[in-house]
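With chain A fixed as given, assemble chain B onto it according to the hints.
Protein sequence lines correspond, in order, to chains A and B.
Counting from 1, position 170 in the first sequence corresponds to residue 170 in my numbering; the numbering is continuous, with no gaps.
Counting from 1, position 15 in the second sequence corresponds to residue 15 in my numbering; the numbering is continuous, with no gaps.
Think of the hints as simulated: they come from the structure by calculation, not from any bench.
You may find that some hints are simply not true.
[As the list claims (entries may be wrong)] Below, in silico cross-link-like pairs of lysine-lysine (DSBU-like), each with a Cα-Cα straight-line distance of 30 Å or less:
1. B:K94 / A:K265
2. A:K94 / B:K286
3. A:K265 / A:K379
4. A:K301 / A:K289
5. A:K286 / B:K94
6. B:K372 / B:K289
Residue-level listing of the chains:
Number of protein chains: 2
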Amino acid sequence: MARCVPQHLIKDRIDSARERLQKCEIDGLIVLSPTNKGYLSGFTTGTNIAPGGVLLITAGEESPHYITSTVDFQECRERLQPRGFEVLRYDYRKGQNALSITVDAARRLGLRKVGVPQSSITAGQLRSYEQEFDQAEILPIEDFIAVLREVKDEWEIKQIRAANRVSSNAFERIIRQVKPGMTEWQLAAELEYRLRLGGEGSPRLAFSSVVVSGPRTCMPHGSVTRRKLQRGDLVTVDFGATCNGYCADITRTFVVGSPTDRQRKIYSAVLQAQLTAIKQVGPGNKRAKAAQRGMDVLGEKGLAEYAVHGAGGHGIGLQVHEGPTTGECGLWEPGNVVTIEPGVYIPGWGGVRIEDDVLVTETGYEVLTPIKKDLLQVKS
Amino acid sequence: MARCVPQHLIKDRIDSARERLQKCEIDGLIVLSPTNKGYLSGFTTGTNIAPGGVLLITAGEESPHYITSTVDFQECRERLQPRGFEVLRYDYRKGQNALSITVDAARRLGLRKVGVPQSSITAGQLRSYEQEFDQAEILPIEDFIAVLREVKDEWEIKQIRAANRVSSNAFERIIRQVKPGMTEWQLAAELEYRLRLGGEGSPRLAFSSVVVSGPRTCMPHGSVTRRKLQRGDLVTVDFGATCNGYCADITRTFVVGSPTDRQRKIYSAVLQAQLTAIKQVGPGNKRAKAAQRGMDVLGEKGLAEYAVHGAGGHGIGLQVHEGPTTGECGLWEPGNVVTIEPGVYIPGWGGVRIEDDVLVTETGYEVLTPIKKDLLQVKS
Numbered sequence: 001m002a003r004c005v006p007q008h009l010i011k012d013r014i015d016s017a018r019e020r021l022q023k024c025e026i027d028g029l030i031v032l033s034p035t036n037k038g039y040l041s042g043f044t045t046g047t048n049i050a051p052g053g054v055l056l057i058t059a060g061e062e063s064p065h066y067i068t069s070t071v072d073f074q075e076c077r078e079r080l081q082p083r084g085f086e087v088l089r090y091d092y093r094k095g096q097n098a099l100s101i102t103v104d105a106a107r108r109l110g111l112r113k114v115g116v117p118q119s120s121i122t123a124g125q126l127r128s129y130e131q132e133f134d135q136a137e138i139l140p141i142e143d144f145i146a147v148l149r150e151v152k153d154e155w156e157i158k159q160i161r162a163a164n165r166v167s168s169n170a171f172e173r174i175i176r177q178v179k180p181g182m183t184e185w186q187l188a189a190e191l192e193y194r195l196r197l198g199g200e201g202s203p204r205l206a207f208s209s210v211v212v213s214g215p216r217t218c219m220p221h222g223s224v225t226r227r228k229l230q231r232g233d234l235v236t237v238d239f240g241a242t243c244n245g246y247c248a249d250i251t252r253t254f255v256v257g258s259p260t261d262r263q264r265k266i267y268s269a270v271l272q273a274q275l276t277a278i279k280q281v282g283p284g285n286k287r288a289k290a291a292q293r294g295m296d297v298l299g300e301k302g303l304a305e306y307a308v309h310g311a312g313g314h315g316i317g318l319q320v321h322e323g324p325t326t327g328e329c330g331l332w333e334p335g336n337v338v339t340i341e342p343g344v345y346i347p348g349w350g351g352v353r354i355e356d357d358v359l360v361t362e363t364g365y366e367v368l369t370p371i372k373k374d375l376l377q378v379k380s
Numbered sequence: 001m002a003r004c005v006p007q008h009l010i011k012d013r014i015d016s017a018r019e020r021l022q023k024c025e026i027d028g029l030i031v032l033s034p035t036n037k038g039y040l041s042g043f044t045t046g047t048n049i050a051p052g053g054v055l056l057i058t059a060g061e062e063s064p065h066y067i068t069s070t071v072d073f074q075e076c077r078e079r080l081q082p083r084g085f086e087v088l089r090y091d092y093r094k095g096q097n098a099l100s101i102t103v104d105a106a107r108r109l110g111l112r113k114v115g116v117p118q119s120s121i122t123a124g125q126l127r128s129y130e131q132e133f134d135q136a137e138i139l140p141i142e143d144f145i146a147v148l149r150e151v152k153d154e155w156e157i158k159q160i161r162a163a164n165r166v167s168s169n170a171f172e173r174i175i176r177q178v179k180p181g182m183t184e185w186q187l188a189a190e191l192e193y194r195l196r197l198g199g200e201g202s203p204r205l206a207f208s209s210v211v212v213s214g215p216r217t218c219m220p221h222g223s224v225t226r227r228k229l230q231r232g233d234l235v236t237v238d239f240g241a242t243c244n245g246y247c248a249d250i251t252r253t254f255v256v257g258s259p260t261d262r263q264r265k266i267y268s269a270v271l272q273a274q275l276t277a278i279k280q281v282g283p284g285n286k287r288a289k290a291a292q293r294g295m296d297v298l299g300e301k302g303l304a305e306y307a308v309h310g311a312g313g314h315g316i317g318l319q320v321h322e323g324p325t326t327g328e329c330g331l332w333e334p335g336n337v338v339t340i341e342p343g344v345y346i347p348g349w350g351g352v353r354i355e356d357d358v359l360v361t362e363t364g365y366e367v368l369t370p371i372k373k374d375l376l377q378v379k380s
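Excised from the complex, chain A in its bound form:
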């Protein structure tokens, strides 16, 4: 598997951004979010996805500028100069910062109208940018790069597929070690170790894992504690590795020992809701329908009130939560990758969630998560 995104894809992405800038009659774009910087530069494997600083793209043919601190300068130059980026550094010791060097660059490039996504700049930063830019006007705009990212290309799909494979292997290996007396904490640490070892090109996990057990499974994103697993517990594990910056996001609920009738029944309802929701995913289908149909199943079983986050999910990619979601109007497009994750949480009793990553294909959908979904019973 190629470690780095092919150069022609970087070119396509920057061309798409430029096209959009030209359409909006803006002549520059300031990119601050690590995921957008990673997407447009191909540098997605740093400790913060992409290194800190500013990516400045023009509507014209000038090289994109990556403006970073002296700390990240060498690696940025090594990796981005061969891709046609101009890499500039700021040095705090000389009173410089990302903003001051960006202002200089914008002046040299003769930019007059510079857009900045208002979802990735703080109100305080925006004020500084408005004050410091002398020759250009700063325009807070919608984050159209995040929208471009909603449709994954073949290389990106490969990464998400690989992240799912790594995550699934880690889970299947760890699940064999689970037994009563193990703490939530140990389970999380062992799983994360495997996720971390198996990932590619980036040292980070997709997110801090959730491991909740027994009655604590009624908390969808509960903290990990030192609670010991007990015979009869439900255990919910929400986890994901990254490959070259791209996330997997998977949840399984299993039982320690033999399930009770009620555990079996609730699990089977959630599974049926998930399978039903997944079947609604396909190009041209309404996004909201997946969650609706999943909820219909839970409603029929009298479980709707316990499905506190519904039966749909969210896009995944460089971020573990990104667009598109099943909570939005609009239609699926080939290349969207989304989680489908219905959950039922009964206070005082416990909960069940089943989450897979699903790709929208040209003709329908493909589930990228290879872990089986029968109610898994670990030895007690």
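Then chain B, alone, in the frame of chain A:
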């Protein structure tokens, strides 16, 4: 060690925030940053430090309101209601969000002027807040909670001390396994596993570790790669566990086998710079002096140009980078905790960094990081 911050400290923190609000004639504060929410509520052990949503504090005696999603509601209520917080939920399925429920609460509380730190709200969010708040004016303000956090109380110091102990134990255990042929990646995974297992009350690491080897040590925050360690390599490892949300941040450079004269010389210069800088830390001393004196040492050895991030450091606490820093004017106060981390990075050759966490005491300083600083040689 107490797992939870004592209630009287929570009361003190909220009282300090209220005092400041009264002084500024603002009658409410919207807290959005996870670290500030964690600091003011004591909930610092969630997967994102504190759960998502809004913490609303009034200048008066009303209970603080924690407004969170249905996903985090149960755990928030369990943990924060006994501490005197009113916990409210928003339900996306009903068209609610954090903002809509916060507006309702502010209206009920009769708030007229509500401050929000401009460094933790995006420009887009601020626009929505300004539009949706009907009876109250929204005022972007400086983040005075982050400033309160710069002086740690006894409980917080205990956590940072514990995080340093865990991190040091992990490092000393892993270093015995290091040998030529091991990859940067494996070293990072093994170390993070131990950091993760040993931490307390929070599943996260302080940050994604840096492990760079050989010529790659000239990149202070280089990505972790599959490069194999070789005899003669310098290896730099920058890492930290968390305890109840509080970070350690430690760096050591070691050598695989026997050091060359140049390696020994550069290491010794960096160590001398670090020891000199640390001696400048003490109550009432100028913050900037630590970095200056450290740089003086490097300058005398002709290494100043290679010290790309200087010879000082930054505050640590719930965030791995917070105030105060050695780059600022102002004086040290007892309770500040800061890294001192000079580094020298010679392109094409390699680099050395030595970083400890240092507490400002009533009478001087205390180094919280117990790992020795002689140039460590691992077996080759």
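Pair hint outcome, K286 (chain A) versus K94 (chain B) [Cα-Cα no greater than 30 Å] | Holds - the C-alpha atoms of K94 (chain B) and K286 (chain A) are around 20 Å apart, at most 30 Å.
Satisfaction of hint between K379 (chain A) and K265 (chain A), Cα-Cα up to 30 Å | Judged against 30 Å, a Cα distance of about 20 Å means the pair holds.
Given the hint that K301 (chain A) pairs with K289 (chain A), does the C-alpha gap stay at or below 30 Å?
-> Cα-Cα ~19 Å, so holds.
Quick one, are K94 (chain A) and K286 (chain B) close enough, alpha carbons at most 30 Å?
-> Answer holds: K94 (chain A) to K286 (chain B) is near 20 Å, not above 30 Å.
Are the Cα positions of K94 (chain B) and K265 (chain A) separated by 30 Å at most?
-> holds (27 Å)
30 Å Cα cutoff - pair K372 (chain B), K289 (chain B) = Roughly 24 Å between the alpha carbons, so the hint for K372 (chain B) and K289 (chain B) holds.
Checked against the numbered hints above, the structure violates none of them.
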